[in-house]
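Protein chains: 4
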Amino acid sequence: MTDYSNTIQQHLDRIAKHARDLFGNGHVADYIPALAKVDPNQFGIAVCDLQGNVYQAGDTTTAFSIQSISKLFTLIQALQIYDEELWQRIGREPSGQRFNSLMQLEVEQGIPRNPFINAGALAVCDRLESRCSAPNYQLLELLRELSQNPHLLVNTTVARSELEHGSRNAAMSYLMKSYHNFDNPVEKVLESYAHHCAIEMNCIDLARAALLLCNKGKTLAGREILTQTQSKRVNALLATCGLYDAAGDFAYRVGLPGKSGVGGGIVAIYPGHYSICVWSPELNDAGNSLIGTYALEALTDALGLSVY
Amino acid sequence: MTDYSNTIQQHLDRIAKHARDLFGNGHVADYIPALAKVDPNQFGIAVCDLQGNVYQAGDTTTAFSIQSISKLFTLIQALQIYDEELWQRIGREPSGQRFNSLMQLEVEQGIPRNPFINAGALAVCDRLESRCSAPNYQLLELLRELSQNPHLLVNTTVARSELEHGSRNAAMSYLMKSYHNFDNPVEKVLESYAHHCAIEMNCIDLARAALLLCNKGKTLAGREILTQTQSKRVNALLATCGLYDAAGDFAYRVGLPGKSGVGGGIVAIYPGHYSICVWSPELNDAGNSLIGTYALEALTDALGLSVY
Amino acid sequence: MTDYSNTIQQHLDRIAKHARDLFGNGHVADYIPALAKVDPNQFGIAVCDLQGNVYQAGDTTTAFSIQSISKLFTLIQALQIYDEELWQRIGREPSGQRFNSLMQLEVEQGIPRNPFINAGALAVCDRLESRCSAPNYQLLELLRELSQNPHLLVNTTVARSELEHGSRNAAMSYLMKSYHNFDNPVEKVLESYAHHCAIEMNCIDLARAALLLCNKGKTLAGREILTQTQSKRVNALLATCGLYDAAGDFAYRVGLPGKSGVGGGIVAIYPGHYSICVWSPELNDAGNSLIGTYALEALTDALGLSVY
Amino acid sequence: MTDYSNTIQQHLDRIAKHARDLFGNGHVADYIPALAKVDPNQFGIAVCDLQGNVYQAGDTTTAFSIQSISKLFTLIQALQIYDEELWQRIGREPSGQRFNSLMQLEVEQGIPRNPFINAGALAVCDRLESRCSAPNYQLLELLRELSQNPHLLVNTTVARSELEHGSRNAAMSYLMKSYHNFDNPVEKVLESYAHHCAIEMNCIDLARAALLLCNKGKTLAGREILTQTQSKRVNALLATCGLYDAAGDFAYRVGLPGKSGVGGGIVAIYPGHYSICVWSPELNDAGNSLIGTYALEALTDALGLSVY
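Residue numbers (full-length UniProt numbering), protein chains in the order written: chain A, 1 to 308; chain B, 1 to 308; chain C, 1 to 308; chain D, 1 to 308.
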């Protein structure tokens, strides 16, 4: 195992080095000022294994806005509460549309295609709002536990800014409400949602937080967050729907279940072995980290990590 | 290994027995007479491993119309010829639409979303037509080699009937032609396509034919049909796009890359270990074998076969 | 003229008589309780000419909810303020979609197709909100003047109920806001809009109010509400877009510019001669008054009133 | 009347003079070579009245490709044969989509929205094919009679070229066939359609040919081509659907029923008074003659000809 660990570390170092050559080919998310002013020339990668080892290279201790990666953890929260009942409100199919499209939501009469497009994540938040006393606080507590980092915080400037630029999310929420698939006040759910997106974590935090999906739903400490079946199924959802409308390309090139965010982070899962978090703020046309996708492709190719 | 083999066989027997209790809950494909008159009360399942063992239960020696499962093999043929160049003409994303929708093809200006929806498979056939002297014959030869069954045949009654009911496929082909993404005469390609769909194979034939995708692209005899990378990528495409607009649900419930056909067959791949073919003619609303899907879910649950 | 007036009256009497035979073939709008409990078995028709005569038959003095007919008058208000500048925010084409579709609004990036679909009327209200101190009050005052009925009122129960069931309208407004085509607070505009829809008028009130469109934009008292060109153009918009997705059928069968509302009212214009208001609460599948459409077809056939 | 005639002539002369100042602002249709090489700097306008007078200015004796204006006359042919029965196969609503969109045709299951979009005209041709022994010849004969020009011909180079570039029309036809809304062989109907589009007429020919729609369906010689009701209804269809997805704008600016073609011709009807044909090859973004639309707007403004 030692040798293999050395191999991982060597690959990470090589990839991090090469990543810096790729700076300048994408564009940082700019729909809110707080994201637009992030330094684009950053890259970090962290890998956790089931023995508790963490391999890392680059800017792995810089916290960034987790944005849509939060959708993975609100889904986990909702599955803990609703399990299969959740799917009465939300689909499980790839959307074939941009992450914030209303078109499909109208055609399918207010049932979002999956929990990882914006409409689906808003529906998940609505479900949490119905059963949790303090869903925002509880998500943060969960993430603190999973990442073993009690200092995780919400960037309230980002959260406020998200809310101010949240008209499309409001439109989607009201459209779901018009189809009776949204029970709580829209404003309240939008506020929760904005807080989730504005949580800041670094690569190590996120790789650690996702490790339960490599471990049949359990933390390394042995606490069952999800059942083994739930864990497998979340990975299946990530594989088919986790990268917006680039899930097929990601499966083709990287071959792992994953979830991306416009903050430039991507979490990927190699079930039974590794959780990975890569981060670099510049995005490609599909809205996923340009260099992050490259790095995952390079790492999985080098180590033969595909699930397929 | 012996014990484990016994376990597989026991599960297959149990599943085949239970499958018969489920007869009568779906509907046989009826868009052409030759398919409509198939006896719905049939079920077969076959599993191949890399040691050359075949486990089976039920009607595994009855040949059926492979229909869209042929799309997997024409893709393999096309990758052998074009490799990555193929993707200049065809996408790699789930469609989020029915298998024969023209809408998306129009929005995306004649580039089909993936090779497993009808438009994509027609584009693949067009590519084969451009480079193969006798694409139909070559597909049949490939399938005979892979299945180790030299007696495979096209059901010409079905092929003719497909052609007569092929107006939608003609519409898609002409739409692609209008976007300069279709080079050969439409009639010729439609005829090839109809022949592919009308090939008849049984569960054992198909499980054997798909085994290369468990074996890094090679036959058990050691012939490289695809490179290891190509094999992995075909599995990724199957996982995200192989079951039409039910790929998410199939990943969620079964957890394996797979390809279905309206003849009631489904092929599934557990990379590195098993290829599976299940067949039962009654379909669910998504157009996939109702009992076949159940059987795969039961088998993968029992053996813990998910890739996720 | 006397003879011809007699003819009109005779036709109205005949049509009103026959209308009662048709009761029971449609369905009253039921999306809000206040509309659902309207007695369906009512019918009224009123015709105004430029000499100040009013011909009428049936329930012409019963006030009803004008609903979307208000869109005609808010458009008139907005043209008074913005004239051609209004079209920077709103299109002038038939939509080919249901009145409350979001799909097209997304495809056309927040520019509603015309001022008579819901999104367009909301955009008009947003424009009024930007420039009027009290848009609701001013609309009511305008309608009181035009109808010569100082007693017109808003039914506040209906208005409140509209607001409570206004999620789709909220969704459309937020979607426009996300495309920077909506300047005022959504809640405020929705409240105005709900009040407009809840104004109650009878057939005579509405026929009188619309008479300016027969009179080159002027009231019979000679006040210019719209210029002659504006008046002609509003009629053109009514002809192509006034009946939601049944404008073609209405032109085909009735042959006049018109505007309908789900309260069962329809206003029609025979430029240079007559304004007509017909009312009957039962709707056809397109959401227009079933018997109202019949009555207009019968009247225009009998008198040869088509503009075509 | 003499004075008024002088007025018309003066307006035409003025408009034709000004039209030449506008050359160079649009683009000639270039999807087939035969159209692409037409000299763009041409303009003609002709007006016919019910007394048999013809007013004209500019290039009124140069024949051009009538293209989609043929759709008006094939509709007239079909109404002569099928009358109201025609509408079982074709809708009567504006489409809200481009003239050759397949999307809507799929959503509405093979029923084209109206007879003036390509799919609708193809459905009309299919209807003619079912009942006419020689539909192409009969259309040409009808146009020769109506235009009083026995020398009208099909440009066979254009017709052949249309056919070669007709993949989208083939796609639409096959899509309708898949919904059982197309009875004849696609190739045969496409050939007829291409011939219709390739008929060549000049402004005077076309103004004369359309005069029946100003005259309650009759030729000036008194032959009834359509009933009065049919004539009125064709005008209604032209008003709501005649200019593709710019019907609203045309009604707004010109205020007359009309039909355009990509050859640069536009026919407009002022019922009871005038038929107008204007021609100039440069098109605007909506595919209608740029200067032709301007000229009609100028003429109808000057003479106050709007139906609204």
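FYI, nobody ran anything at the bench for these hints, they're computed from the structure. No residue lacks a Cβ here, since even glycine has one placed at the ideal position from N, Cα and C. Just so you know, not all the hints are guaranteed correct.
Short, incomplete list of chain A residues facing chain C, as computed with Cβ under 10 Å [claimed, not checked]:
| no. | residue |
| --- | --- |
| 1 | Q80 |
| 2 | I81 |
| 3 | Y82 |
| 4 | L142 |
| 5 | R160 |
| 6 | S161 |
| 7 | L163 |
| 8 | G166 |
| 9 | S167 |
| 10 | S173 |
| 11 | K177 |
| 12 | Y179 |
| 13 | N184 |
| 14 | A302 |
| 15 | L303 |
| 16 | L305 |
With a straight-line cut-off of 30 Å between C-alpha atoms, the simulated DSS-like cross-links for lysine-lysine are [to be verified]:
| no. | chain 1 | residue 1 | chain 2 | residue 2 |
| --- | --- | --- | --- | --- |
| 17 | D | K37 | D | K17 |
| 18 | C | K188 | A | K188 |
| 19 | A | K188 | A | K216 |
| 20 | B | K188 | D | K216 |
| 21 | B | K216 | B | K188 |
| 22 | B | K216 | B | K37 |
| 23 | A | K218 | A | K37 |
| 24 | B | K188 | A | K216 |
| 25 | D | K37 | C | K216 |
| 26 | D | K37 | D | K216 |
| 27 | C | K37 | C | K216 |
| 28 | C | K188 | C | K216 |
In silico negatives: residues of chain B with every beta carbon more than 10 Å from chain A [as the list claims (entries may be wrong)]:
| no. | residue |
| --- | --- |
| 29 | D21 |
| 30 | F23 |
| 31 | L50 |
| 32 | R92 |
| 33 | Q97 |
| 34 | R113 |
| 35 | S167 |
| 36 | N184 |
| 37 | K232 |
| 38 | R233 |
| 39 | L237 |
| 40 | D245 |
Right, here's what the structure says about each hint:
1. Violation of the interface hint for A:Q80 is found here, the shortest Cβ-Cβ separation to chain C being roughly 29 Å, above the 10 Å cut-off.
2. Hint status for A:I81: violated, given a least beta-carbon distance of 25 Å to chain C, over 10 Å.
3. Hint status for A:Y82: violated, given a least beta-carbon distance of 23 Å to chain C, over 10 Å.
4. The beta carbon of A:L142 comes no nearer than 30 Å to any beta carbon in chain C, farther than 10 Å, and the hint placing it at the interface is violated.
5. At a threshold of 10 Å, the smallest CB-CB gap from A:R160 to chain C is about 17 Å, leaving the interface hint violated.
6. Hint status for A:S161: violated, given a least beta-carbon distance of 15 Å to chain C, over 10 Å.
7. With its C-beta approaching chain C no nearer than about 13 Å, A:L163 sits outside the 10 Å limit, and its interface hint is violated.
8. The interface hint given for A:G166 holds, since its Cβ lies 9 Å from the closest Cβ of chain C, which is under the 10 Å cut-off.
9. Checking A:S167 against chain C by beta carbon gives a least distance of about 4 Å; that is within 10 Å, so the hint holds.
10. Taking 10 Å as the C-beta contact cut-off toward chain C, the hint placing A:S173 at the interface holds, the least distance being around 8 Å.
11. The beta carbon of A:K177 is positioned within 10 Å of a beta carbon in chain C (closest approach about 4 Å), and the interface hint is therefore held.
12. Taking 10 Å as the C-beta contact cut-off toward chain C, the hint placing A:Y179 at the interface holds, the least distance being around 8 Å.
13. Interface hint status for A:N184: violated, as the beta-carbon distance to the closest one in chain C is roughly 13 Å, over 10 Å.
14. Checking A:A302 against chain C by beta carbon gives a least distance of about 42 Å; that is not within 10 Å, so the hint is violated.
15. Of the supplied interface hints, the one on A:L303 is violated, with its beta-carbon coming no nearer than about 42 Å to a beta-carbon of chain C, more than 10 Å.
16. Taking 10 Å as the C-beta contact cut-off toward chain C, the hint placing A:L305 at the interface is violated, the least distance being around 38 Å.
17. About 24 Å separates the Cα atoms of D:K37 and D:K17, which keeps this hinted pair within 30 Å; it holds.
18. Only pairs whose Cα atoms come within 30 Å are accepted, and C:K188 paired with A:K188 is accepted, the gap being roughly 19 Å.
19. For the hint pairing A:K188 with A:K216, the CA-to-CA distance comes to about 33 Å; that exceeds 30 Å, so the pair is violated.
20. Restraint check for B:K188 and D:K216: the C-alpha separation of about 50 Å exceeds 30 Å, so the hint is violated.
21. Distance hint between B:K216 and B:K188 is unfulfilled; the C-alpha atoms sit about 33 Å from each other, more than 30 Å.
22. Of the pairs offered as hints, the one joining B:K216 and B:K37 is violated, with about 38 Å between alpha carbons and a cut-off of 30 Å exceeded.
23. Using a Cα cut-off of 30 Å, the hinted pair A:K218 and A:K37 is violated, with the two alpha carbons roughly 37 Å apart.
24. Taken as a hint, the B:K188 and A:K216 pair is broken in the structure, with Cα atoms around 51 Å apart against an allowance of 30 Å.
25. Simply put, D:K37 and C:K216 have alpha-carbon atoms about 45 Å apart, too far for the 30 Å limit, and the pair is violated.
26. Taken as a hint, the D:K37 and D:K216 pair is broken in the structure, with Cα atoms around 38 Å apart against an allowance of 30 Å.
27. This hinted pair does not check out: C:K37 and C:K216 have alpha carbons roughly 38 Å apart, beyond 30 Å.
28. Restraint check for C:K188 and C:K216: the C-alpha separation of about 33 Å exceeds 30 Å, so the hint is violated.
29. The beta carbon of B:D21 sits about 23 Å from the closest Cβ of chain A, which is more than 10 Å, so the claim that it is off the interface holds.
30. With a cut of 10 Å on Cβ distances, B:F23 stays outside the contact zone with chain A, its closest approach being about 26 Å.
31. The Cβ of B:L50 sits about 16 Å from the closest Cβ of chain A, beyond the 10 Å cut-off, so the non-interface label holds.
32. The claim that B:R92 lies off the interface is violated: its Cβ sits roughly 4 Å from the closest Cβ of chain A, which falls inside the 10 Å cut-off.
33. With 10 Å as the threshold on Cβ separation, the claim that B:Q97 sits away from chain A is violated: the shortest Cβ distance comes to roughly 6 Å.
34. Not every Cβ of chain A is farther than 10 Å from the Cβ of B:R113; the closest lies at roughly 7 Å, contradicting the non-interface assignment.
35. Residue-level check passed: B:S167 sits 24 Å from the nearest beta carbon of chain A, beyond 10 Å.
36. No beta-carbon of chain A comes within 10 Å of the beta-carbon of B:N184; the shortest separation is about 26 Å.
37. Not every CB of chain A is more than 10 Å from the CB of B:K232 (nearest about 5 Å), against its label as outside the interface.
38. Against chain A, the non-interface label of B:R233 is violated: not every CB pair exceeds 10 Å, the least being about 5 Å.
39. The claim that B:L237 is not at the interface with chain A is violated, since a C-beta of that chain comes within 10 Å of its own (minimum 6 Å).
40. Consistency note on B:D245: stated as away from chain A, yet its beta-carbon is not over 10 Å from all of that chain's, at 6 Å minimum.
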